[in-house]
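Quick note, the sequences are listed as chains A and B, same order. Just so we're aligned, residue 1396 is where the first sequence starts under the working numbering, counting upward by one. Just so we're aligned, residue 63 is where the second sequence starts under the working numbering, counting upward by one.
It should be emphasised that the hints constitute simulated quantities derived from the structure, not laboratory data. As the structure is a prediction and not an experimental result, all values here were calculated from the model. Incorrect hints may have been included.
[To be verified] Straight-line distance between alpha carbons at most 25 angstroms, and here's what the computed DMTMM-like set of lysine to aspartate or glutamate pairs gives:
id : chain 1 : residue 1 : chain 2 : residue 2
1  : A       : K1464     : B       : E80
2  : A       : K1458     : B       : D83
3  : B       : K109      : B       : E79
4  : A       : K1477     : B       : E119
5  : B       : K109      : A       : D1467
6  : B       : K109      : A       : E1473
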Amino acid sequence: MKNKFSDNLFIIAGLILLLISVYVYTLLAESGNYALPFIIFGCACGLFGHGMGSRLAKRAQQKNPELAKRVDIEVNDERNSKIRYLAKAKAFDMFIYIFGILLLLFAVMEIPTSAVLLLCLAYAVVIVFFIFNFKKQNKTM
Amino acid sequence: MKNCLRELRESRGIRQEELADILEVSRQTIGSLENGRYNPSILLAFKISRFFALPIEEIFIYEEEANEK
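Turn these sequences into a full structure, and let the hints guide you.
Structure, rendered in structure tokens:
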């Protein structure tokens, strides 16, 4: 019930944002600033697509209990979970290096300092979140 | 870790899909277990042990030398 509510919320929020994007587009059309309405439009599409996709998937599973069981097994299968976590861990390791190199490149290039500092902050937040989670898991396991 | 899951399954005339449904895992997991590519969690090992009514150590063979490498 709660999930259905959140799906509906995503769909409605998506539709509202879609209308807002059209409104903002008409407002800013004269000034030639198209970035903001298209960003809102992108968010609207994401929310609507997520909500509708989730709702359709649930409806299909309700009609076919065998499919629901199969999906449940595939999602909760321990080997699949392990593979998923390993892939995420590898991607995170790679992300750390790529982000670091990108930061160095941005620092060398003539990129505004505020942008480089924002990237540094994002990098630091990710690392701090990793350390926080590591300590948290260390205490609970 | 070696195991005799394939022999046990075949001796009971069960297909991989059927065993996967009973143990609530994917068919690929059963395949990987049988090939020795994947070691199960302790929970899954207990489930398998209960299903075949055999002790875990009779199904899964721990090889100390292989693990030390």
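These are the hints, each one checked on the structure:
no. : hint              : result
1   : A/K1464 to B/E80  : holds (14 angstroms)
2   : A/K1458 to B/D83  : holds (20 angstroms)
3   : B/K109 to B/E79   : holds (16 angstroms)
4   : A/K1477 to B/E119 : holds (23 angstroms)
5   : B/K109 to A/D1467 : holds (18 angstroms)
6   : B/K109 to A/E1473 : holds (13 angstroms)
The structure is consistent with each of the numbered hints, conforming to all of them.
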